[in-house]
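There are 2 protein chains.
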Amino acid sequence: MFKINENYQKLPGSYLFSTIAKKVAAYQQAHPDKKIIRLGIGDVTLPLVPAVIQAIHKAADEMGQAETFHGYAPDLGYSFLRETIAENDYKKLGCDIEADEIFVSDGAKSDCGNIQEIFSEDSRIAVCDPVYPVYVDSNVMAGRTGEYDAESGTWSNVIYMPCTAENGFVPELPKETPDLIYLCVPNNPTGTALTRDQLKVWVDYANREGAVILYDAAYEAYISDEDVPHTIYEIEGARTCAIEFRSFSKKAGFTGVRLGFTVVPKDLKCKDVPLHALWARRHGTKFNGAPYIEQRAGEAVYSEEGNRQVMEQVAYYKRNARVIYDGLKEAGYTVFGGVNSPYVWLKTEEMTSWEFFDYLLEYANVVGTPGSGFGPSGEGYFRLTGFGTYENTVEAVERLKALRKTGGGR
Amino acid sequence: MFKINENYQKLPGSYLFSTIAKKVAAYQQAHPDKKIIRLGIGDVTLPLVPAVIQAIHKAADEMGQAETFHGYAPDLGYSFLRETIAENDYKKLGCDIEADEIFVSDGAKSDCGNIQEIFSEDSRIAVCDPVYPVYVDSNVMAGRTGEYDAESGTWSNVIYMPCTAENGFVPELPKETPDLIYLCVPNNPTGTALTRDQLKVWVDYANREGAVILYDAAYEAYISDEDVPHTIYEIEGARTCAIEFRSFSKKAGFTGVRLGFTVVPKDLKCKDVPLHALWARRHGTKFNGAPYIEQRAGEAVYSEEGNRQVMEQVAYYKRNARVIYDGLKEAGYTVFGGVNSPYVWLKTEEMTSWEFFDYLLEYANVVGTPGSGFGPSGEGYFRLTGFGTYENTVEAVERLKALRKTGGGR
Numbered sequence: 001m002f003k004i005n006e007n008y009q010k011l012p013g014s015y016l017f018s019t020i021a022k023k024v025a026a027y028q029q030a031h032p033d034k035k036i037i038r039l040g041i042g043d044v045t046l047p048l049v050p051a052v053i054q055a056i057h058k059a060a061d062e063m064g065q066a067e068t069f070h071g072y073a074p075d076l077g078y079s080f081l082r083e084t085i086a087e088n089d090y091k092k093l094g095c096d097i098e099a100d101e102i103f104v105s106d107g108a109k110s111d112c113g114n115i116q117e118i119f120s121e122d123s124r125i126a127v128c129d130p131v132y133p134v135y136v137d138s139n140v141m142a143g144r145t146g147e148y149d150a151e152s153g154t155w156s157n158v159i160y161m162p163c164t165a166e167n168g169f170v171p172e173l174p175k176e177t178p179d180l181i182y183l184c185v186p187n188n189p190t191g192t193a194l195t196r197d198q199l200k201v202w203v204d205y206a207n208r209e210g211a212v213i214l215y216d217a218a219y220e221a222y223i224s225d226e227d228v229p230h231t232i233y234e235i236e237g238a239r240t241c242a243i244e245f246r247s248f249s250k251k252a253g254f255t256g257v258r259l260g261f262t263v264v265p266k267d268l269k270c271k272d273v274p275l276h277a278l279w280a281r282r283h284g285t286k287f288n289g290a291p292y293i294e295q296r297a298g299e300a301v302y303s304e305e306g307n308r309q310v311m312e313q314v315a316y317y318k319r320n321a322r323v324i325y326d327g328l329k330e331a332g333y334t335v336f337g338g339v340n341s342p343y344v345w346l347k348t349e350e351m352t353s354w355e356f357f358d359y360l361l362e363y364a365n366v367v368g369t370p371g372s373g374f375g376p377s378g379e380g381y382f383r384l385t386g387f388g389t390y391e392n393t394v395e396a397v398e399r400l401k402a403l404r405k406t407g408g409g410r
Numbered sequence: 001m002f003k004i005n006e007n008y009q010k011l012p013g014s015y016l017f018s019t020i021a022k023k024v025a026a027y028q029q030a031h032p033d034k035k036i037i038r039l040g041i042g043d044v045t046l047p048l049v050p051a052v053i054q055a056i057h058k059a060a061d062e063m064g065q066a067e068t069f070h071g072y073a074p075d076l077g078y079s080f081l082r083e084t085i086a087e088n089d090y091k092k093l094g095c096d097i098e099a100d101e102i103f104v105s106d107g108a109k110s111d112c113g114n115i116q117e118i119f120s121e122d123s124r125i126a127v128c129d130p131v132y133p134v135y136v137d138s139n140v141m142a143g144r145t146g147e148y149d150a151e152s153g154t155w156s157n158v159i160y161m162p163c164t165a166e167n168g169f170v171p172e173l174p175k176e177t178p179d180l181i182y183l184c185v186p187n188n189p190t191g192t193a194l195t196r197d198q199l200k201v202w203v204d205y206a207n208r209e210g211a212v213i214l215y216d217a218a219y220e221a222y223i224s225d226e227d228v229p230h231t232i233y234e235i236e237g238a239r240t241c242a243i244e245f246r247s248f249s250k251k252a253g254f255t256g257v258r259l260g261f262t263v264v265p266k267d268l269k270c271k272d273v274p275l276h277a278l279w280a281r282r283h284g285t286k287f288n289g290a291p292y293i294e295q296r297a298g299e300a301v302y303s304e305e306g307n308r309q310v311m312e313q314v315a316y317y318k319r320n321a322r323v324i325y326d327g328l329k330e331a332g333y334t335v336f337g338g339v340n341s342p343y344v345w346l347k348t349e350e351m352t353s354w355e356f357f358d359y360l361l362e363y364a365n366v367v368g369t370p371g372s373g374f375g376p377s378g379e380g381y382f383r384l385t386g387f388g389t390y391e392n393t394v395e396a397v398e399r400l401k402a403l404r405k406t407g408g409g410r
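Line by line, the protein sequences are chains F and E. Note that the numbering used here gives residue 206 to position 206 of the first sequence, counting from 1, and the numbers run on in steps of one. Note that the numbering used here gives residue 336 to position 336 of the second sequence, counting from 1, and the numbers run on in steps of one.
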């Protein structure tokens with residue numbers, strides 16, 4: 001009789017967003033006259049920009065003519081896109097990354113989830129806490145995380161690096177040495193980032209200890225601060241210790257288009273085996289290339305017009321985040337993030353994350369995301385996002401300010 | 001120091017298509033006046049049909065307007081596509097498959113490669129020989145296949161089921177009991193298929209022994225024979241033992257569009273754990289849905305006009321395959337396939353597969369694929385495909401006929 005991968009059975013249910021949806025639906029049904037504003041979403045809401053739409057139409061027409069039809073794409077991506085990325089995202093910043101070190105894919109989520117496959121089964125992983133759940137979950141499925149303790153919400157064989165107000169959301173070097181270190185910068189959900197100096201500490205550590213940094217830079221486009229690097233390859237030494245994941249989702253609104261890329265420098269080796277060769281083999285065996293139309297859409301993001309258009313959208317979301325950050329701060333909340341990120345992270349003070357969720361829903365009709373859903377150190381925090389409309393964002397902030405003033409329900 | 005997944009190092013180099021490319025390039029350089037015809041390709045050559053192009057343009061326009069923009073897709077696919085598939089590919093044939101048993105993905109290659117993840121690490125796999133290499137390679141990467149013997153081209157822990165002229169390309173039930181049985185019907189590369197009665201033997205066997213059939217039906221659209229089933233769910237009992245992979249690549253020319261789906265019936269369980277839940281969890285954790293535009297393109301394949309247009313393309317490729325089959329048979333070659341498949345499989349007689357490759361290249365300027373590249377039992381065979389133009393296909397066949405008559409070079 002066949003057997004299943006028992007590691008899947010260890011995964012606790014992922015109820016965060018479904019619980020939110022249920023609570024919101026129940027509240028709306030009981031109060032049909034109330035206008036609920038959703039600032040819990042991590043999805044973009046603005047449409048694709050004209051330059052991208054144009055590129056899609058053009059590529060579609062090419063696919064409809066025998067002379068310009070494109071069948072199987074090269075496994076690792078079309079040269080036109082890989083070269084555009086190398087030039088714009090790396091060489092312009094002085095980073096020594098070549099086009100053939102870039103692997104185009106259907107998104108950062110797939111790559112972040114699949115990357116663990118090329119490492120040994122007994123690899124020890126370290127993650128920031130709170131964090132995007134895919135890093136841990138994909139390692140649970142591969143059997144690397146030990147046992148789950150429901151009370152603490154932690155796995156016995158995972159090294160957690162708390163990122164809280166107490167340490168300024170800068171993870172400390174772990175006491176036990178990990179093999180793989182997941183860093184998400186700017187961070188989801190806290191909205192905070194690391195400076196060049198802070199990241200240099202990690203690059204040096206990884207090179208010294210023989211660890212690999214899995215650097216998720218999906219929110220790179222939101223960086224404003226001069227001292228926050230746009231890529232880990234701005235840091236000397238990163239070519240021998242870091243893999244970087246990038247996404248078009250939050251920069252160009254590609255959440256429903258699906259395009260991302262991963263950089264594996266050829267200098268990153270385990271003894272004499274380059275990880276580049278392993279990831280190429282994985283792509284070649286289990287993936288068949290990103291669609292031609294999507295790769296042309298991605299290329300359009302780098303055109304002068306495309307870049308201007310998508311950066312206007314990023315600015316729109318950032319303005320929302322700023323409105324939330326400034327408004328809540330003014331009202332007396334303790335807030336973080338919102339500068340290099342679409343996310344604002346706030347303290348829920350005497351309430352738990354879920355109590356604060358219920359409180360906001362009932363007294364302000366505003367929906368956010370309980371921080372505890374992103375890991376144990378997220379307890380006592382709450383995430384609001386800049387992905388709503390400007391008008392709704394302003395209104396939600398006014399309601400939170402008013403609530404703070406009246407202390408509604410408290 | 002971090003360590004790699006050593007299983008990757010066990011994979012022998014995949015030189016088949018690169019060796020072919022090198023040999024062809026060298027020949028062309030030495031004989032620049034010769035017109036080489038390529039019938040080795042497994043990629044489609046006709047452009048996307050008008051109904052699909054229209055759907056892509058329409059979906060692109062929707063993505064450019066806030067009111068109709070689509071962000072993250074549902075992990076398992078949009079209902080509009082899942083319901084269309086359930087209705088057209090299953091219910092119309094009397095098969096009891098529901099929309100929520102269909103998982104939309106970026107292609108059958110990804111799904112065939114990833115499906116092994118949900119099974120136990122010590123699962124024993126069985127494959128037809130010769131066969132599409134992804135089944136074995138993805139299990140090598142997961143450490144299930146034991147050691148490779150370069151001389152025989154086999155793995156110590158894989159059960160091979162030879163499919164040759166001697167057994168009519170119908171695999172025999174294996175002596176050792178496998179946990180997972182990969183069946184590709186119609187088969188790549190042999191172009192042969194199984195009848196309902198032949199497939200029933202496998203479904204009964206899998207149910208009796210507690211094995212899972214991983215049924216790759218990527219070439220379903222090419223089936224002509226009345227007694228060859230279009231889906232394994234036409235066979236009674238398949239709901240408790242079979243997962244089916246389907247693709248839009250060879251049916252609708254989507255090799256560069258990337259869309260496929262996998263059917264996991266809810267009745268397929270290991271004790272009380274439905275595999276449906278495990279595959280859903282894998283999709284939810286490591287995949288972010290197929291692009292909206294591609295899913296609308298897939299839907300268009302099922303419209304009256306779209307279906308007529310794509311089936312005309314399938315008929316075009318099948319006519320080519322028939323031209324090859326009939327022409328070579330007439331000339332005295334021993335040929336197989338070509339009826340329920342775009343592939344024709346022929347005996348190379350006193351030559352090895354590679355000798356025959358060199359012979360055809362030199363004396364007929366025709367490129368095909370050596371059968372030995374698909375597994376040890378492919379030795380002595382050769383694959384030609386119907387994916388070229390009709391005119392080139394006719395000319396290639398004339399050359400092969402002439403070669404047979406003159407015995408050029410022999």
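Note that these hints are calculated values from the structure, not bench results. Predicted model only: the values in this text are computed from it and were never measured. There may be inaccurate statements among the hints.
It does not matter which identical chain is meant; a pair holds if it fits inside one copy or across any two.
To be verified - Calculated cross-link-like contacts (lysine-lysine; reagent style DSS-like; alpha-carbon spacing at most 27 Å):
| no. | residue 1 | residue 2 |
| --- | --- | --- |
| 1 | Lys-10 | Lys-266 |
| 2 | Lys-271 | Lys-58 |
| 3 | Lys-58 | Lys-251 |
Each hint, compared with the structure:
no.	hint	verdict
1	Lys-10 to Lys-266	between (36 Å within a copy, 21 Å between copies)
2	Lys-271 to Lys-58	neither (46 Å within a copy, 51 Å between copies)
3	Lys-58 to Lys-251	both (22 Å within a copy, 23 Å between copies)
Figure legend: structure checked against the earlier numbered hints; the only hint not met is number 2.
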